[in-house]
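Could you put together the complete structure from these sequences and hints?
From first to last, the protein sequence lines are chains W and Y. When we follow our numbering, the leftmost residue of the first sequence carries the number 1, and every step to the right adds one. When we follow our numbering, the leftmost residue of the second sequence carries the number 1, and every step to the right adds one.
What the hints contain is simulated information worked out from the structure, not anything from laboratory work. Everything numeric in this text was worked out from a predicted model, so none of it was measured. Be aware that one or more of the hints could be misleading.
Here are the simulated lysine-lysine pairs, DSSO-like style, with alpha carbons at most 30 angstroms apart [unchecked claim]:
(1) W/K230 x Y/K124
(2) W/K124 x Y/K169
(3) W/K117 x Y/K230
(4) Y/K117 x W/K76
(5) Y/K258 x W/K46
(6) Y/K201 x W/K199
(7) Y/K117 x W/K230
(8) W/K144 x Y/K38
(9) W/K201 x Y/K244
(10) Y/K182 x Y/K258
(11) W/K46 x Y/K124
(12) W/K209 x Y/K262
(13) Y/K100 x W/K223
(14) W/K244 x Y/K38
(15) W/K209 x Y/K201
(16) Y/K117 x W/K199
(17) W/K230 x Y/K244
(18) Y/K38 x W/K223
(19) W/K181 x W/K193
(20) Y/K230 x W/K244
(21) W/K262 x Y/K223
(22) Y/K38 x W/K124
(23) W/K38 x Y/K100
(24) W/K258 x Y/K199
(25) W/K19 x W/K29
(26) Y/K201 x W/K201
(27) Y/K258 x W/K38
(28) Y/K209 x W/K230
(29) W/K192 x W/K262
(30) Y/K144 x W/K230
Protein chains: 2
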Amino acid sequence: MKIFYQWEPWAYSNIVSLKVAKKYWIDKKDIYWCFSFKDMFEEWIKNNSIMIVPIENSYAGSVHENFYHLSNYPVKIIWEYYLEINHCLVWLTKDVSKIKEAYSHYQALMQCENYLKNKNIEPKVYWDTAWSAKYIAETQDESKAAITSDLAAQIYNLEIIDKNINDQKWNTTRFFIVIPKKLELWNFSYNKKISILFKVKDMPSVLYKCLWAFATRNINLTKIESLPTKEWQFEYMFWLDFEKPNEKELNWALDELKYFSKQVNILWEY
Amino acid sequence: MKIFYQWEPWAYSNIVSLKVAKKYWIDKKDIYWCFSFKDMFEEWIKNNSIMIVPIENSYAGSVHENFYHLSNYPVKIIWEYYLEINHCLVWLTKDVSKIKEAYSHYQALMQCENYLKNKNIEPKVYWDTAWSAKYIAETQDESKAAITSDLAAQIYNLEIIDKNINDQKWNTTRFFIVIPKKLELWNFSYNKKISILFKVKDMPSVLYKCLWAFATRNINLTKIESLPTKEWQFEYMFWLDFEKPNEKELNWALDELKYFSKQVNILWEY
Numbered sequence: 001m002k003i004f005y006q007w008e009p010w011a012y013s014n015i016v017s018l019k020v021a022k023k024y025w026i027d028k029k030d031i032y033w034c035f036s037f038k039d040m041f042e043e044w045i046k047n048n049s050i051m052i053v054p055i056e057n058s059y060a061g062s063v064h065e066n067f068y069h070l071s072n073y074p075v076k077i078i079w080e081y082y083l084e085i086n087h088c089l090v091w092l093t094k095d096v097s098k099i100k101e102a103y104s105h106y107q108a109l110m111q112c113e114n115y116l117k118n119k120n121i122e123p124k125v126y127w128d129t130a131w132s133a134k135y136i137a138e139t140q141d142e143s144k145a146a147i148t149s150d151l152a153a154q155i156y157n158l159e160i161i162d163k164n165i166n167d168q169k170w171n172t173t174r175f176f177i178v179i180p181k182k183l184e185l186w187n188f189s190y191n192k193k194i195s196i197l198f199k200v201k202d203m204p205s206v207l208y209k210c211l212w213a214f215a216t217r218n219i220n221l222t223k224i225e226s227l228p229t230k231e232w233q234f235e236y237m238f239w240l241d242f243e244k245p246n247e248k249e250l251n252w253a254l255d256e257l258k259y260f261s262k263q264v265n266i267l268w269e270y
Numbered sequence: 001m002k003i004f005y006q007w008e009p010w011a012y013s014n015i016v017s018l019k020v021a022k023k024y025w026i027d028k029k030d031i032y033w034c035f036s037f038k039d040m041f042e043e044w045i046k047n048n049s050i051m052i053v054p055i056e057n058s059y060a061g062s063v064h065e066n067f068y069h070l071s072n073y074p075v076k077i078i079w080e081y082y083l084e085i086n087h088c089l090v091w092l093t094k095d096v097s098k099i100k101e102a103y104s105h106y107q108a109l110m111q112c113e114n115y116l117k118n119k120n121i122e123p124k125v126y127w128d129t130a131w132s133a134k135y136i137a138e139t140q141d142e143s144k145a146a147i148t149s150d151l152a153a154q155i156y157n158l159e160i161i162d163k164n165i166n167d168q169k170w171n172t173t174r175f176f177i178v179i180p181k182k183l184e185l186w187n188f189s190y191n192k193k194i195s196i197l198f199k200v201k202d203m204p205s206v207l208y209k210c211l212w213a214f215a216t217r218n219i220n221l222t223k224i225e226s227l228p229t230k231e232w233q234f235e236y237m238f239w240l241d242f243e244k245p246n247e248k249e250l251n252w253a254l255d256e257l258k259y260f261s262k263q264v265n266i267l268w269e270y
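Written out as structure tokens, the structure is:
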């Protein structure tokens with residue numbers, strides 16, 4: 001059994017992959033990374049592997065690309081995982097006074113904007129949080145620090161100067177842990193949420209009519225996301241997460257929804 | 001009067017800036033670019049300038065960052081502009097057989113995926129469509145081509161091998177042309193659309209109730225986008241575009257919406 005996640009070793013998806021490895025008794029050496037999300041779904045689904053799929057960050061918003069992958073490949077969700085994001089300022093030594101610049105991914109820099117302003121450190125955009133740590137370790141330039149995870153600091157032997165420096169202390173990323181549909185694996189979710197994807201018909205007030213199916217049954221929607229259908233310009237479909245009602249209510253709601261939709265994909269229970 | 005757009009000279013926002021310059025009789029030398037959208041809003045709003053703000057692409061989806069900027073800065077929309085995106089494969093010479101790799105922005109490569117597959121050309125991710133053209137012009141390596149605009153091909157003196165190579169021929173980007181609120185400038189829009197941003201109250205079926213205000217009046221919604229409020233985790237607000245009804249209907253609808261919302265910002269008519 002292998003685990004795949006996107007991008008660079010020791011990015012934040014890797015922290016999740018370590019947690020998943022522990023939960024499923026998978027050896028650390030069976031964790032692999034891929035360059036892009038597309039690669040991850042395209043290539044590694046064939047290997048009967050577990051995939052780490054970030055869905056949304058509470059500050060930066062949704063990873064829209066992954067909604068398409070999740071609906072285009074035959075996968076299922078076995079775990080919905082929330083990772084608390086703690087950015088650290090890491091550096092070669094502990095003498096803070098010399099730091100002039102902090103390197104990190106654009107999103108991470110945005111999330112630590114006030115912290116950097118207060119410390120008079122200039123933000124510098126870099127590819128990735130983990131790569132920034134690597135870059136700092138390699139340059140050996142004392143005026144440069146990185147914003148990254150504590151795990152990356154460990155890997156590259158850097159000092160953690162400050163922990164949890166993000167302006168929003170509630171910064172959290174929601175992940176789906178995903179496997180091929182045909183695979184059987186223990187589900188660590190509480191099995192109480194459902195995600196669907198639907199394309200509305202072309203009629204007046206159609207979204208309102210679609211939501212009616214849920215509203216009249218007090219089904220609690222936890223997320224709605226509009227996405228381009230990619231079939232025609234400025235035509236949208238909707239991704240909906242909701243708390244699972246009893247079987248009968250669920251079927252009624254979906255039947256009603258179908259009346260106003262061109263297409264409804266019931267994607268996953270988790 | 002100056003015009004500002006984000007990123008690199010001769011990217012696709014620049015094509016729009018040229019069109020805006022023509023419309024408002026502004027000299028080409030008064031067009032400037034900024035590194036990030038944030039810089040554009042932060043710095044250049046003080047200059048009483050026109051800003052070119054991409055909002056959504058019909059294939060790649062919304063530029064979420066700009067929804068926040070538009071609501072956080074005192075601006076107004078003077079023109080809603082749709083630019084048809086035509087990616088070109090550009091190169092040093094016309095002998096196509098030697099091309100092995102095509103460089104471009106990740107999104108542009110995705111949009112030309114089938115074309116590249118058919119021609120057996122490997123996609124290579126680069127910063128930006130325009131920078132890719134510059135890179136090709138500089139490397140002088142005949143195995144490398146770029147995917148970019150015809151404008152960039154002209155600038156860097158590259159041959160256009162193929163025009164309109166995107167898989168979706170209807171690929172379009174929607175721009176808002178934006179100025180500071182206090183400025184007066186001719187509005188080229190037809191003044192028939194409105195954008196609002198609202199934060200819903202915490203009550204059952206609240207989005208459904210909000211949409212009710214529009215549905216019962218046959219007000220046509222053209223776009224709904226959910227965005228993190230950035231105030232608390234997994235709390236969303238909604239961006240809504242709709243066709244402008246008469247004044248009375250509009251006021252009634254907004255009054256009703258306010259009943260279910262913590263906050264309603266009526267952003268713009270255009």
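Hints and how they fare:
1. W/K230 x Y/K124: Holds, at about 22 angstroms.
2. W/K124 x Y/K169: Roughly 37 angstroms between the alpha carbons, so the hint for W/K124 and Y/K169 is violated.
3. W/K117 x Y/K230: holds, 19 angstroms
4. Y/K117 x W/K76: holds, 29 angstroms
5. Y/K258 x W/K46: The given pair, whose Cα atoms are some 50 angstroms apart, is violated under the 30 angstroms limit.
6. Y/K201 x W/K199: Holds. Y/K201 to W/K199 sits at ~27 angstroms (cutoff 30 angstroms).
7. Y/K117 x W/K230: Holds - the C-alpha atoms of W/K230 and Y/K117 are around 19 angstroms apart, at most 30 angstroms.
8. W/K144 x Y/K38: With a Cα-Cα distance of about 23 angstroms, the restraint between W/K144 and Y/K38 holds, given a limit of 30 angstroms.
9. W/K201 x Y/K244: holds, 22 angstroms
10. Y/K182 x Y/K258: holds, 26 angstroms
11. W/K46 x Y/K124: holds, 24 angstroms
12. W/K209 x Y/K262: holds, 23 angstroms
13. Y/K100 x W/K223: violated, 43 angstroms
14. W/K244 x Y/K38: violated, 40 angstroms
15. W/K209 x Y/K201: holds, 20 angstroms
16. Y/K117 x W/K199: holds, 29 angstroms
17. W/K230 x Y/K244: Satisfied, since the Cα-Cα distance of roughly 27 angstroms is no more than 30 angstroms.
18. Y/K38 x W/K223: holds, 27 angstroms
19. W/K181 x W/K193: holds, 18 angstroms
20. Y/K230 x W/K244: Judged against 30 angstroms, a Cα distance of about 27 angstroms means the pair holds.
21. W/K262 x Y/K223: Distance ~18 angstroms between W/K262 and Y/K223 Cα, so the pair holds.
22. Y/K38 x W/K124: Answer holds: Y/K38 to W/K124 is near 14 angstroms, not above 30 angstroms.
23. W/K38 x Y/K100: Distance of about 21 angstroms is within 30 angstroms: holds.
24. W/K258 x Y/K199: holds, 28 angstroms
25. W/K19 x W/K29: holds, 14 angstroms
26. Y/K201 x W/K201: holds, 28 angstroms
27. Y/K258 x W/K38: violated, 42 angstroms
28. Y/K209 x W/K230: At roughly 29 angstroms apart (the allowed maximum being 30 angstroms), W/K230 and Y/K209 satisfy the hint.
29. W/K192 x W/K262: Roughly 26 angstroms separates the two Cα atoms, so the pair holds.
30. Y/K144 x W/K230: holds, 29 angstroms
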